[in-house]
Amino acid sequence: MSADPPTTAYLDHAATTPMLAEAIEAMSRQLARPGNASSLHATGRSARRVVEESREIVAQALGARPSEVVFTSGGTEADNLAVKGLFWSRRAADPRRVRVLASAVEHHAVLDCVEWLAEHQGAQPVWLDVDEFGRVGPETVQAAIDDDPGSVALITVMWANNEVGVVQPIAEITRIAHEHGIPVHSDAVQAVGALAVDFGRSGLDALSITGHKIGGPLGVGALLAARNLALTPVLHGGGQEREIRSGTLDTPAIAGFAAAVSHAVAAQAELALELADLRDDLVARVRAAVPDAILNGDPDPDGRLPGNAHFSFPGCEGDALLMLLDARGVECSTGSACTAGVARPSHVLLAMGASDDLARATLRFSLGHTSTKADVDALLSVLPAAVERARRAGLVSASSKR
Amino acid sequence: MKVLAAMSGGVDSAVAAARAVDAGHDVTGVHLALSKNPQSYRSGARGCCTIEDARDARRAADVIGIPFYVWDLAERFDEDVVQDFIAEYAAGRTPNPCLRCNEKVKFAAVLDKGLALGFDAVCTGHYARLLDGAGGRELHRAVDPGKDQSYVLGVLDAGQLRHAMFPLGDTPKSQVRREAASRGLAVAEKPDSHDICFISDGDTAGFLRRRLDPGGAESGAAAGAGPGGGLPSTGGDIVDREGNRLGSHDGVYGFTIGQRRGLRIGTPAPDGRPRYVLDVSPVARTVTVGSAEDLDVRGLSARRPRWCGAPPVGAVECAVQVRAHGEPLPAVVRLLDDENLDVELHAPARGVAPGQAVVVYDGTRVVGSATIDSTRR
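One line per chain: the protein sequences are A and B, in this order.
FYI, numbering that gives the first Met the number 0 numbers position 48 of the first sequence as 47, with every residue one higher than the one before it.
FYI, numbering that gives the first Met the number 0 numbers position 222 of the second sequence as 221, with every residue one higher than the one before it.
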């Protein structure tokens, strides 16, 4: 069809990360084997065995019980199931429960679910303010609950933010919520493989993960859901996953996903140290090369994802910078990808109190398991000239506005 | 050269970008997102502002093998083109938003940003030719007279033309479609865009009424005294040249000089001949009508002249075009001062509306343009 892209410095692991050899191998092996995991004959049982072994691997790696693992098509579906499914079941049990407490910096997979519930299902969203680093204070959650504890359907706060990488105080939020018997969901898509994530120890009621951010295949993920948690299904059909998620199980993808989870969690502590070193080097060198660059998110390296560096470059447009770097073989992101490819100022930066201009002036560099010092070198070899040029373009745009 | 190819998602800009690549340039495709609320799908063949158009442009760039980005210019487009369009109609003039977009967006905002980012030129799928003459870069009519778009480019000055690239000017449209098909571009059979891209349903009068006439019939308020109609309607009288009332209208917006249809005057003219809009006055809320002969214009004054090269000196024999797809009219133009141009037509012309551009030609060469301010009958 078309030529492979040329060799590039890939600094966009938060968008997706290359598949691990172990995951490719595990998935490929299953691709060659037939079988519907729901069939009752030997071929079906053989596929089912792969699914259940994968479920045990995922559960084991993430501190969950196998029965708490609900396979999905990825993070977005897991978020939809958690947010909508919890809202519906909690309100069905008590019609007063219409408030949904969500951080203002959630990924669109959560944000848009909450807004949809508000528009079409009578939900009352409560957007939890964040501080200048993007973090939700436990006292903010406490105050929002205290307004009327009996009317809270659920709380959803991501484990770590996909744009600025800030890590949220999930354990404290969960503790506060549980004093009122309120279930808590967390989108941990960016956290798994980068931070120590233990579902059981976190106290969470539901947690979303996806394969392709941790070296697994695209199109597969899971919702970890506590066994006693009532969830109303989003996808109806054969009820394959605990009667709350339907669809023929994708045995090869699940096998690849399990291999990736297992590997990513085992390698997490060491990788996190490596990435943090590389990231700290990147941050220091970007600041030296572009002194007025603003590091967004928590300046304490322990308060953010180890592979995340997120900057505003005053006077530049993020998408102009991205284009200039792309032309030089350096790949990054302005924030999170958007459907029409049109840049809008990031809701995360705006929630953190950034101006519209600074929220448009962002670049996110995200490191992962294939990142090397050479990638950072490649970035720094082209960034200063790109910033200078983008700044000139920014001046032109600003001055030609009337 | 490093070339920025503006790709609308249509066949012309796709072939233009491909030709720029063939000519050896380093081409990057950009789709300009101009709508604040892009619709997913086109309604009919109109517009260039939908997500589907962005996808068509992206697929064309894939096939051509060039990098592709979307630039969000919705705010700029709204300020410089849409709001101007509304304000011009509100003042009783008939603007041409395509000229405005070329002048203020494609060859200003986009060109300036592109130049600052290291590009040398902006390439579009317009049908016009750029030739190097004694006086520098010259803008000429396309060889396909049916597709010629030099009129909507007449607002570009020498600096803008130096950085423009129109690879389709020497080719008939039918050949461009064949070429698109042979290049494997899926947009080969995509219908041409018509009308005004930001009015997706093609209903210009309705678009203007919704923005300028909130008390009018379209707002749903009962005529005259509806509880929802806080603002007065711009409905008023249709009169003849002597001021006799012939009928009424729902709002002056949407009437254009030379228009014949949609007047809905009950009684026929005494001579039984059709009547045309001669004048639109938003302040008095009147629409003046008369016979075809009454439309004859012998001269006009125009403001805000823009020259592609050196401005004309003294009285100059030339041809002028007073609307898109209009015929060239022999005339004498005289630049009165930096801001005012006078045009004397050799033969009377019809359908000349203030707000439209008068584009001055010397043969096929575009000399410049100005905005029609008033006409002499």
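Mixed in with the good hints, there may be bad ones.
Quick list of in silico lysine to aspartate or glutamate cross-link-like pairs, DMTMM-like style, CA-CA up to 25 Å [claimed, not checked]:
#	chain 1	residue 1	chain 2	residue 2
1	B	K35	A	D355
2	B	K103	A	D355
3	B	K35	A	E387
4	B	K35	A	E118
5	B	K172	A	E118
6	B	K103	A	D356
7	B	K1	A	E118
8	B	K1	A	E387
Source of the hints: derived by calculation from the structure; they are not laboratory data.
Hints, verified against the model:
1. B:K35 <-> A:D355: 16 Å, holds
2. B:K103 <-> A:D355: OK: B:K103 and A:D355 at ~23 Å, within 25 Å.
3. B:K35 <-> A:E387: 29 Å, violated
4. B:K35 <-> A:E118: Holds, because 21 Å separates the two Cα atoms, which is no more than 25 Å.
5. B:K172 <-> A:E118: The hint is violated at about 48 Å.
6. B:K103 <-> A:D356: Within the cut-off at roughly 22 Å; holds.
7. B:K1 <-> A:E118: At roughly 47 Å apart (the allowed maximum being 25 Å), A:E118 and B:K1 break the hint.
8. B:K1 <-> A:E387: This hinted pair holds, its Cα atoms lying about 18 Å apart.
When held up to the earlier numbered hints, the structure conflicts with 3, 5 and 7 and fits the remainder.
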